[in-house]
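Asker: Read off the chains here:
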Amino acid sequence: MEDTEDKQKTFMGKEYTLGKDGRKIIFLTKDEFLPFMKRLKESGFSHLSLITGVDRRDYIEVVYHLHSISTNEIVVIKVKTKDSRVPSVTSLWSSADWDEREQYDMMGIIFEGHPNLKRILLPEGWIGHPLRKNYDMDTPQYVNMDEDGEDYVTFDSGDGW
Amino acid sequence: MDSSGWTELNIGPQHPSTHGVLRLKVKLDGEIIKDVEPVIGYLHRNAEKLCEMSYYCDNLIYFDRLDYVASMIMESGFLEAAEKVLDIEVPERAKWIRVIMSELSRIASHLVWAGAFGLDLGMLTPFFYCFIQREKILNIFTEVCGSRQQTNYMSIGGVYQDLQEETITHIWEFLKQFPEKLEEIYKLFIKNDIFFSRTKDIGYLPKDVAIDYGVTGPMLRASGVPYDVRKDEPYLTYDKVNFDVPVSQKGDVLARFVVRFEEMRQSARIVKQALEKLPDGPYFNPKGKKSLMIRVRGNGEAYSRVESSKGELGTYIVADGSVRPYRVRIRSPTFKNLSVLPVLAKDTMIADLVSISGSIDLVFGEVDR
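For the record, the sequence lines run as chains A and B.
Anchor point for the first sequence: position 57 equals 57 in my numbering, and the numbering is continuous, going up by one each time.
Anchor point for the second sequence: position 324 equals 324 in my numbering, and the numbering is continuous, going up by one each time.
Keep in mind that the hints were calculated from the coordinates and are not lab data.
Take the hints with a grain of salt, since some may be wrong.
The calculated lysine to any residue pairs, modelled on SDA-like cross-linking and capped at a C-alpha distance of 20 Å, are [said to hold, decoys possible]:
1. B:K231 to A:S46
2. A:K133 to A:E61
3. A:K20 to B:S322
4. B:K231 to A:N72
5. B:K25 to A:D146
6. A:K20 to B:K200
7. A:K133 to B:R324
8. B:K231 to A:V75
9. B:K25 to A:P115
10. B:K49 to A:E61
11. A:K133 to B:Y55
12. A:K78 to B:Y326
13. B:K25 to A:D151
14. B:K200 to B:L121
Cβ-to-Cβ under 8 Å is the rule here; a few derived chain B residues that face chain A [said to hold, decoys possible]:
15. E233
16. E301
17. R331
A quick note: this is a predicted structure, and the numbers were derived from the prediction, not measured.
No residue lacks a Cβ here, since even glycine has one placed at the ideal position from N, Cα and C.
The shape of chain A in the complex, shown without the other chains (with noise of 0.2 Å):
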């Protein structure tokens, strides 16, 4: 019954259903995705808050939750991609570049657009995604440093100093 009332609620011209905690959670395509997220901009949205991806297996979710200080409000934003690919939105927000640059490095999410997309929190060179579900954990990677200063990536733990 109220899932059906749900489905009639509108914000911004968009369906929406109602997360567990109460926010309001819209599911958009990819194509409309980034007008949809500039008119949230220009309503008032300014804060980014949190930039997620989730591995659902067959596809990839990322979760964007906005932020009105004005009016103390928080939208879920949520897209689904099979391919890893999705619009950056850091034209819109500054604060995205190290949302997308981690969503890269944990779940491997392409974000297209994004300036300077290279790890932030592993260093260059590691092999997998670790928060996608069918990451290999029992190889261990070492990090070594090299001549010049410069992270690297091996399997060999006996290798560099």
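Got chain A sorted already, so can you dock chain B onto it with the hints?
Answerer: For chain B alone, coordinates are given in the frame of chain A:
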């Protein structure tokens, strides 16, 4: 601009003023900073993956180790989300105890910051004064849960054990002497000319830039935005206590210092009220008792925010009906606050970099997770 004459300088990761393991790649033109690139991840242990792999009740220990100087707030942040996912109510007394512990934790955390910030600027004395006070709070924590920093005190559905009368007396004793001592510490800083010249008008952060970069907490409030989760979306029992949110319009390092000190005063006020209002009753929900803890199952998803000592701590939990969370995502406030450092440090003197990075209140357990 011509970049050929710039000097590249590497600061850290092992450097006393980087508070742990921050590495800064700095490009200098003479003594002026032209570009800073923070390199992080040296303390990375992927807490999010560890949380996915363990039971809901075990997740708490990883949250303790995020911001290890304010672990009580981290626990309450996780539990805000976890209890929604697990459908477990928290008794009133437990909520008040959590407020008391969070606020004591906030004071302890700000005291560490103040002490370490003094050290960054070359002042040794305030450090000891801060740590004397912090030690008193840690003794209270030891009384309630048996450990100083990685407290693991709160548990799903309440707290691990009840607050004893003796502990309450000790908290009162602490509160009685604290305001006076805090003013003493405050004067140590504020009456020092060198401190003033190293903080005033340095590291200016405009309001819109701060919001754009997702900066929260005392740093945002020092830039003139009165955003505090405790007021805007009251969790626990913060809607039943009176306190003010300190805001400064200046946006420089000194403003962040003043805001943090005022927050400590307000925290002490909250603890006082919470102790007066502390109701009797159960301190945990029987649904979350120890023998049942590993069997609780979560459904749905929840995002919670709490005001940690560094800013807005967000926890996003996706559950799939099993005894372990499907996905845990931590919105680390210092991670966001650090991302604004290249903007703050641009075109300032190299000597001010330490003052600016110190004013962010970096704790690397939380940045790297």
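Asker: Take the hints in turn and mark each one as holding or not.
Answerer: Structure-based check of each hint:
The hinted pair formed by B:K231 and A:S46 meets the criterion: a straight-line CA distance of about 19 Å does not exceed 20 Å. Distance restraint check for A:K133 and A:E61: the Cα-Cα separation of roughly 13 Å lies within the 20 Å cut-off, and the hinted pair is therefore satisfied. With a C-alpha separation of about 17 Å, the suggested pair A:K20 and B:S322 falls inside the 20 Å cut-off, and the hint holds. Straight-line distance between C-alpha atoms of B:K231 and A:N72 comes to about 10 Å, which keeps the hinted pair within the 20 Å bound.
For the suggested pair B:K25 and A:D146, the alpha carbons sit about 17 Å apart, so the restraint of at most 20 Å is met. For the hint pairing A:K20 with B:K200, the CA-to-CA distance comes to about 45 Å; that exceeds 20 Å, so the pair is violated. For the hint pairing A:K133 with B:R324, the CA-to-CA distance comes to about 14 Å; that is within 20 Å, so the pair holds. For a cut-off of 20 Å, the pair hint linking B:K231 to A:V75 stands: about 19 Å separates their Cα positions.
For the suggested pair B:K25 and A:P115, the alpha carbons sit about 19 Å apart, so the restraint of at most 20 Å is met. Our distance criterion of 20 Å between C-alpha atoms is met by B:K49 and A:E61, whose separation comes to about 17 Å. About 17 Å separates the Cα atoms of A:K133 and B:Y55, which keeps this hinted pair within 20 Å; it holds. Restraint check for A:K78 and B:Y326: the C-alpha separation of about 17 Å stays at or below 20 Å, so the hint holds.
Taken as a hint, the B:K25 and A:D151 pair is honoured in the structure, with Cα atoms around 14 Å apart against an allowance of 20 Å. For the hint pairing B:K200 with B:L121, the CA-to-CA distance comes to about 13 Å; that is within 20 Å, so the pair holds. Because the closest C-beta pair between B:E233 and chain A is about 7 Å apart, less than 8 Å, the hint holds. About 6 Å separates the beta-carbon of B:E301 from the nearest beta-carbon of chain A, less than 8 Å, and the hint is met.
A hinted interface residue such as B:R331 counts as satisfied when its beta carbon comes closer than 8 Å to some beta carbon of chain A; here the least separation is about 5 Å, so the hint holds.
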